[in-house]
Amino acid sequence: MSTFTLDQIWETFLQQLRHVDNELTTNTISYQTFIYLRWDGPREPLEQALQNAAGRAMRGKIVTASIRYVRMTDLKEYVYAVRFLVPLRKRFCCGNGCTDCIRLKS
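If you use this note's numbering, the sequence shown corresponds to residues 12 to 117, in order.
Honestly, the hints are just simulated from the structure, not real lab data. Misleading hints may appear alongside valid ones.
Said to hold, decoys possible - Simulated DEER-style distance windows between Cβ atoms:
1) THR39 x GLY108: 35 to 45 Å
2) THR84 x THR16: 26 to 36 Å
3) GLY108 x ARG29: 40 to 50 Å
4) ASN107 x ASP85: 49 to 59 Å
5) PRO53 x ASP111: 43 to 53 Å
6) THR75 x ILE40: 19 to 29 Å
For each residue, glycine too, the CB sits at the ideal point set by N, CA and C.
Let's have the full structure, built from the sequences with the hints guiding it.
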């Protein structure tokens with residue numbers, strides 16, 4: 012499995028979303044990223060596009076996405092709170108003899 016950073020995942024995610032809205036904007040408040048998308052149609056196809064973009068960005072990585080609708084602005088922009096979550100459990104042995112080593116789990 013290759014190494015990755017969350018910045019790389021975000022970059023891929025936003026590139027995919029630029030096909031939906033080339034002028035999308037993001038705003039980060041208290042470690043929460045909000046995405047502002049202009050969309051004229053119903054919400055369901057937009058949410059499907061968000062899920063598809065997240066799926067492409069996470070492909071081959073052990074990461075999950077949390078996408079939550081927040082509101083619609085006066086400028087007809089849909090606002091979504093988006094997070095990419097990395098699991099907290101160790102998945103490999105680092106060789107340091109840790110007490111919570113995955114090799115000691117049955």
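Here is how each hint holds up against the structure:
1. THR39 x GLY108: 35 to 45 Å: 38 Å, holds
2. THR84 x THR16: 26 to 36 Å: Given a distance of about 30 Å, which is inside 26 to 36 Å, the answer is holds.
3. GLY108 x ARG29: 40 to 50 Å: 47 Å, holds
4. ASN107 x ASP85: 49 to 59 Å: 54 Å, holds
5. PRO53 x ASP111: 43 to 53 Å: 47 Å, holds
6. THR75 x ILE40: 19 to 29 Å: 21 Å, holds
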